[in-house]
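Spelled out, the chains give:
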Amino acid sequence: MATPTADAGPIEARSRDPARAGRAAKPAPMRLAGAELLDSREILPGQWLQTYHAPEIVTGSRAGQFVHVRTGDYSGMVLRRPFSLNTIAVAAGTLTIHFRTIGRGTEWFTHLRPGERIEMLGPLGRPFEVDPRSRHLLLIAGGLGMAGVRALADEAIRDGRQVTLLFGGASARDVYPSSLLPDEVEYIVATDDGSVGHAGYVTDLVPDYEAWADQAFACGPLPMLKALARLAASRRTRMGVASLGRKRGGGKPITVGSAQARRKAFLQVSMEQNMGCAVGACLGCVVMSTSGTPQRVCREGPIFAAEEIDWEAGW
Amino acid sequence: MRARRRVVTSSTGRVTAAKRSPTVRKIKSAFASVSAPPAPSAPARPARSIPVPVAVATSPEIEIDLGVDLGRGLLLRNPILVASGTFGYGIEYGEVVDVQRLGAICCKGTTLKARIGNPTPRVTETPAGMLNSIGLQNPGVDAVIEKYASTWAAWDVPVIVNVAGESVGDYVEVVRRLEGVPGIAGIELNISCPNVGKGGLQFAIDAEAAGSVTGAVRRVTDLPLLVKLSPNVADVRPIARAIADAGADALTAVNTLSGIAVGPTRTRPLLGNIYGGLSGPAIKPVALRVVYEVAQVVDIPIVAIGGVTELADVLDFLAVGAIAVQVGTAIFADPTLPVRLVDELGAECRRRGLESYRPLIGTALPKRAGAPSARGVEYRP
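If you read the sequences in order, they're chains A and B.
1 is the number of the first residue of the first sequence in the numbering used here; add one for each residue after it.
1 is the number of the first residue of the second sequence in the numbering used here; add one for each residue after it.
Bound conformation, chain B alone (with noise of 0.2 Å):
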């Protein structure tokens, strides 16, 4: 039965090969120069299958490789993602953002229902820092699928729907409806969403609860699955480990820290919803120890996030073991941010006479340790 569901899934998953595959292009003849070519495509990839034509070279310069591979044929053109939360569903930035050179966007957390989110104020700035309790409002699933999945399928950049839920059976129903619609790259369930009361942050600090809602949507998705960590929990490690265990593709670490600020008369606290999540570079270290934990204990990719304002925090996550890196609340600062990192991470690798950015990742790490995965997990039926 289970069998059966996934060769339906991956046949329409087809559909959705067709909105990855330029993608795809440019990256392979990137990939051709690095001296470790990623194995051949199983056939289970579509999207590697398709007979490449030589990539457009955009730049006169030489290209410097930024692929990123987050398993199961998620591609990713350059390592610099826009964060769930800060870019809404893509289109809010309009002309002012060429979303077209990101290396992915993560959509603003999704639920099943429509949700309303917290009582304001909902955003308030911190030192170094910002602390925000929007509460998930949303439109829910199938209104954002009706009202952006097109938009999307119509990019080249990938476009990954944060999941959100507050039960497992809820998570599996969304993510059944992210199945197979065109416009939609891969999913990130984000367990770990410090500002709703219900469910939420209750999977991301429990190994077994964090690893049976990851196997839970792996059993009803051929999506590439990232999955998004919490610092919000003592020892993050056995519980990155039950959702790399569980099917994951890939880890996303961190959320935000859960935080309170009080308000100006000093009788309550400042937020709506009293509770609220810091994020900015204030949260930087603690992303940074994370990230670094996390991925000695894992082989799959780690997308890093937290505090990102700069090319030199961009390394240092990479240096930690991070794949890749999410940037959040700098762009609210700065929207042009994260496309200006691109190029400027092609710079530093040309700087240094490097064809691909992948011998930054894991130099800060522990000699003893086998590097981090720079690839996503082969696929396993």
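Isolated chain A (complex conformation) (with noise of 0.2 Å):
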């Protein structure tokens, strides 16, 4: 279990990690690349996790951002589907996709086989950004909403930070298997059932943590991500000043979807809406942001500071 005294490494050696110079940089443009299929498994009943070398594509992509991919039958399925990517070997030029098999396109890709080739487009969308002075980060995911946040717990470590990880499921069958988790990932599990781990909402067990926490990012049901947002609107209020000395929302205003926005928010949310082009042509994955004009998720986002969406919009 994590504590607030948790030693959190030397911050010295993180800010000259050239990981973190990365972030006054363009990120990388997206590519239309092939992707080899290396392996395919079932990790939980209905839910699968895919290898694809993919080098082109992982080149410079980050946690955070998704790849759009087109299944085999265009005439059937007109459209790509878009995946969070799940892991990012750069190295090995690899990249995993974590999916429930929900309709048609999921099934299509789940009878691909070993050596088989599919196109995807990618990497797309913006990142996580952390905060440079942040050591303690909470990772939040309900179900499939692990894809989403996965690649941040690897980024995090890699980096020296501190991860906890919370994790709520409907019930055992479909809690992410720790196996396929780092070490050093602290890996605490809630289900609505109570079959393992906290009986109730991953949300009820927040409060434990975000006094711990530097900055928190989730993905999952846009239900937990509001409930979420409410609590890391009301933190400051309720922990009192507990901002480490940053000047939150002080100095010039920041714009809406840059990555400044996102660096400086407690809560990072991934975001998901139907999806038609991914790369901002279509208008069709759009959130209500606060500021009243709608947002890409493709391109603004997927990646939000909390504060920066309208969750009472209704869309």
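Honestly, I wouldn't trust all of these hints.
Stated by the list, open to error - Using C-beta positions, here's what the derived DEER-type ranges look like:
1) A/D39 with B/D98: 46 to 56 Å
2) A/P29 with B/A234: 45 to 55 Å
3) A/A170 with B/P127: 28 to 38 Å
4) B/R352 with A/A313: 51 to 61 Å
5) B/I205 with A/D73: 28 to 38 Å
These are calculated hints, taken from the structure and not from any lab test.
Fair warning: this is a prediction, and the values are worked out from it, not measured in the lab.
Think of the CB as a built atom: it goes at the ideal place given N, C-alpha and C, for glycine as much as any other residue.
Once you've looked at the hints, go ahead and assemble the two chains, each given alone in its own frame, into the complex.
Structure representation (structure tokens):
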């Protein structure tokens, strides 16, 4: 169990990390590239983990970004399918995607055999932005939301941060196997039916950790994100001045969708929406922002600062 | 008064001509290889009156003439356009697509004021197609001009701005603001958007209304004017005729078909807006029918759209009388498709021993009808 006194390792080393310098650089441009399926496993009933060799896509991609994958059956399925980058292995040139079979598209992917090639567009969207001063990261995943935050656990551990991952599932059979997570991650589970871990919602666990956490990152069903956003919004009032000397909200106004807006936020969320083009052309996948303008999940997102989203807009 | 305005606009039109002229230069030499070149330019077509140097042949093979004349000096390098709403403002696909190789780009529907669009979900896949109900989200015409016109002006590829509105006044005002802006090569009137409550579709389902909005826009602009037809009508022919008579330079056929999808819980329709527009291969037969019908009653060029996913679809639409095609939904799955279709069409012409793709137009139309227009209407002051 992680505690607020846990050591987070030397901060100085991290600030010189080349990955940190990369935040000023432009994100890697999207590419259209082939990907070869290396491994396909059903890790949970109806949930699949697939490893693809796609060096062009993997180069420069970061946690929180996604790929838009074409199915082989155009006449039946006219849209690509978006998948979060579940893990990214730059040296090996591989990435994994994690999905549940919910329709014809995901079904089609499960029938792929190792060695077969498909086509991916990516990396797309904007990544999670971790404040360089954050030592303790709280990751919150609801069900398949694990795919949205999984890569960030790797990235944070590589950067010497401490990671606590709260996971919520319907029952024991939906719980993401801890064997697929890095050893350094503190993994806490909640199930709706109480068959394993805390009985109740994953959001019930958050108050125990929010004092410890410097930043939180979440992906999951909308009600969960909504509840977390409410918690995050009231955090400063409830906890007194606990912003570790950061001047949140100070200085010049922060543009919606900017990397800075996300980096300064306590809570960043990975949003989901039915998607068309995934490059920002069709305006299909928008969420309403507090500024009153719809933001494209594929372009300004999928990662948003919780306070950028208008949670009450209903869309 | 009106004539005076014309003079002014066509002289400011020279600014746009400077942008369009590179396209013209390349096409001009191609025209020279056709047995029946278009009539020598009228003075009102500044683009044509520019002395033309010999075009640079980029291909080592025989140059196939894929040039398209949509009227009023809107000359496209090839007949493959990208459809409004599927290609944003031309910049979204970045380096994945070489936009300069496209025939033209139709940008996202543009309205007078900014619109936030419809509630989500806005898109969903359907059998062999998709439904969308974006609801004309756009930043408004002034923001579009400010943000994108300078980029477009630097491109060789013509950008046709898709214009939508709730009233005739809206359309007129938007077009007035686009008039003379460098980088804007033409207007596509979207009088057939099925996804907005007020306006939009009402103009496309009534011949008189369609004619009057077209006429009103025609009176304020010398820009090439395309009007997009709706398939959601009993008989499209009188509407097409009214639009042509009102002075449109070309027709686009068709917009999406109105439809709905049901949500997974079956407690309400899936889309936030309930209604959406169906596109994709599913609507190709409908689009073919509309083009086939319209081609027989109007003599202005028809730009076909609806389910184009491969060269065979392009050839089908040409056969029923279209002069050019727009690729839409298929771009989402395959962004490089439009550029590839240009190459494939050229190769197909080469294979058939044709110097131009124009003999492919109208081959499936009834023989008694006159050949459909393969070139824009002459400028009528």
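Evaluation of the provided hints:
{"no.": "1", "hint": "A/D39 with B/D98: 46 to 56 Å", "result": "violated (35 Å)"}
{"no.": "2", "hint": "A/P29 with B/A234: 45 to 55 Å", "result": "holds (48 Å)"}
{"no.": "3", "hint": "A/A170 with B/P127: 28 to 38 Å", "result": "holds (30 Å)"}
{"no.": "4", "hint": "B/R352 with A/A313: 51 to 61 Å", "result": "holds (55 Å)"}
{"no.": "5", "hint": "B/I205 with A/D73: 28 to 38 Å", "result": "holds (35 Å)"}
Consistency with the previously given hints fails for number 1 only.
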